[in-house]
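Given chain A, work out where chain B should sit, using these hints.
Going line by line, the protein sequences match chains A and B.
Under the numbering used here, the final residue of the first sequence carries the number 114; numbering is consecutive throughout.
Under the numbering used here, the final residue of the second sequence carries the number 144; numbering is consecutive throughout.
Since the hints were derived computationally from the structure, they do not count as laboratory data.
Just so it is clear, CB atoms sit at the ideal spot from N, CA and C, and this is done for glycine as well.
Here are the in silico distance ranges between beta carbons for each label pair:
1. A:Gln9 x B:Leu102: 33 to 43 Å
2. A:Lys77 x B:Pro104: 13 to 23 Å
3. A:Arg111 x B:His144: 43 to 53 Å
Take a look, some chain A residues computed to stay more than 10 Å from chain B by CB distance:
4. Gly75
5. Ala107
6. Arg111
Cβ-to-Cβ under 8 Å is the rule here; a few derived chain B residues that face chain A:
7. Gln110
8. Gly114
9. Leu117
10. Ala120
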Amino acid sequence: MSVKLTSRQVGDVTVIDAAGRITLGEGASAFRDMIRDLAAKGNKKLLVNLADVSYIDSSGIGEMVSGFTTVTNQGGKLKLVGLSKRVKDLLQITKLYTVFEAFDDEADAVRSFA
Amino acid sequence: MPLRESGHMEKTQTTLESSLESVDQAEAIAVDEARKLGFDEDGQAQFGMAVREVMVNAVVHGNRYNQKKKVHLEIERSKDSLAFTLGDEGEGFDFNSLPDPLAPENLLRQSGRGLMLARAFVDGFDLHPRAGGGTEVRLVKNLH
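Chain A extracted, bound-state conformation (with noise of 0.2 Å):
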């Protein structure tokens, strides 16, 4: 199974539940293109939801770090939400802790947004 990705709107934030496999071919590009899609219709608070992702390879954390590139530049903000302990350990590996803002709680997440 690939990824299946749907957003919402939770007052000024942006969220997208993202559900699956992020990794190498459609899943890590249909990931690409939503962030980007939003990004360019001018959301700037965008968080993640990564509750019921069950794998992400290296080609997805890439995404991941390209999305969040993209969309800092253009002034916004994209945190992360849900992460297993699977996907906590690819970061810390990675030591992508010390870049990205990740939350347990999606209702904590939102505010930091504030």
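Okay, now just chain B, sitting in the frame of chain A:
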């Protein structure tokens, strides 16, 4: 790292296409072999990811999706250890010349983390030129 020799050892070889489907296939084989040997879910996922990342490297950077080029997979199993050796038919590269993905100036690079992740999830990682051209990576994971 040599495979732990504990009695009977099995070895099989197979050839994979240079495609994204083969990347998924190699990962599935790795997870299945790890499960059969008795690794827990985390161990299976870690070995699957290590094999996936090396396979991506072989297909994308080694063989460059060239359908005429193959990825050669050798699987070795002992009672408490599993080894996958993946060889591509690319031009080869110097592992030590790759940028350090953990260096502050490289943290925001989009790519370059695959082999580092593979290395992090196994007990033995050996990258060397493949006889006849290309690159070969041997991954070893021990049960305990």
